[in-house]
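From first to last, the protein sequence lines are chains V and H.
Each residue of the first sequence is one higher than the one before, starting from 2 at the first, in the numbering used here.
Each residue of the second sequence is one higher than the one before, starting from 553 at the first, in the numbering used here.
Since the hints were made in silico from the structure, they are not lab data.
These numbers were taken from a predicted model, which means no experiment stands behind them.
Note that beta-carbon positions come from the ideal geometry of N, C-alpha and C, so glycine has one too.
Away from chain H, derived, C-beta distances all over 10 Å, residues of chain V:
no.: 1; residue: Glu63
no.: 2; residue: Glu73
no.: 3; residue: Arg74
no.: 4; residue: Thr84
no.: 5; residue: Leu114
Which stretches of chain H does chain V cover? Using the computed rule of at least three CB atoms under 8 Å from a CB of chain V, they are:
no.: 6; stretch: 593 to 600
no.: 7; stretch: 653 to 664
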Amino acid sequence: DVKVTQSSRYLVKRTGEKVFLECVQDMDHENMFWYRQDPGLGLRLIYFSYDVKMKEKGDIPEGYSVSREKKERFSLILESASTNQTSMYLCATRAGESGNIQYFGAGTRLSVL
Amino acid sequence: GENVEQHPSTLSVQEGDSAVIKCTYSDSASNYFPWYKQELGKGPQLIIDIRSNVGEKKDQRIAVTLNKTAKHFSLHITETQPEDSAVYFCAATPRNAGNMLTFGGGTRLMVKP
Numbered sequence: 002d003v004k005v006t007q008s009s010r011y012l013v014k015r016t017g018e019k020v021f022l023e024c025v026q027d028m029d030h031e032n033m034f035w036y037r038q039d040p041g042l043g044l045r046l047i048y049f050s051y052d053v054k055m056k057e058k059g060d061i062p063e064g065y066s067v068s069r070e071k072k073e074r075f076s077l078i079l080e081s082a083s084t085n086q087t088s089m090y091l092c093a094t095r096a097g098e099s100g101n102i103q104y105f106g107a108g109t110r111l112s113v114l
Numbered sequence: 553g554e555n556v557e558q559h560p561s562t563l564s565v566q567e568g569d570s571a572v573i574k575c576t577y578s579d580s581a582s583n584y585f586p587w588y589k590q591e592l593g594k595g596p597q598l599i600i601d602i603r604s605n606v607g608e609k610k611d612q613r614i615a616v617t618l619n620k621t622a623k624h625f626s627l628h629i630t631e632t633q634p635e636d637s638a639v640y641f642c643a644a645t646p647r648n649a650g651n652m653l654t655f656g657g658g659t660r661l662m663v664k665p
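This is chain V alone, in the form it adopts within the complex:
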């Protein structure tokens, strides 16, 4: 089974803090994704990575950056957290561009106060 592990289930941060959300996968998948989940808006793509050190902006990249130094790890960074970044964040992996199935972690619920 594919395992996608997000380091924290819940995080509470202050406005202006730098926040790191970590995601690790154990299936050697090339592609990794960060989504944001908000009620009524579904899942919106923030950034994705198709290989180590490669990244592409998704639909809502503003206020976020990412890092992928190793194939198994994909980090989402909030340089200066704001209250409108309070949300559920989901990491996902996919075997490659030819693959269709995305495998999700359990999510990190971030509250920015």
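Using the hints, position chain H against chain V.
Just chain H now, with coordinates in the frame of chain V:
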């Protein structure tokens, strides 16, 4: 880009009844339509998918239908059970978008025993 609308946002049914969730998409080039189920405290998980060259697909109690002309697709769950209670997301992927998914807003299904 692609836009996916999903209805209803919430759906409550009695155990044993059927449930139908509908999605429409905007990009006629989309050719892959997965459905994900998100149980409480977990990440979304693929339950069924359909490609544009097929009109219907079944897997035990769940089925998906696709109408390319009208650009809509639906998830049908028969003989609902309490464990079907979850949030369901539809998605679409345009043919030349590297298999990137655009998700609908989600439907919270509640099955009452």
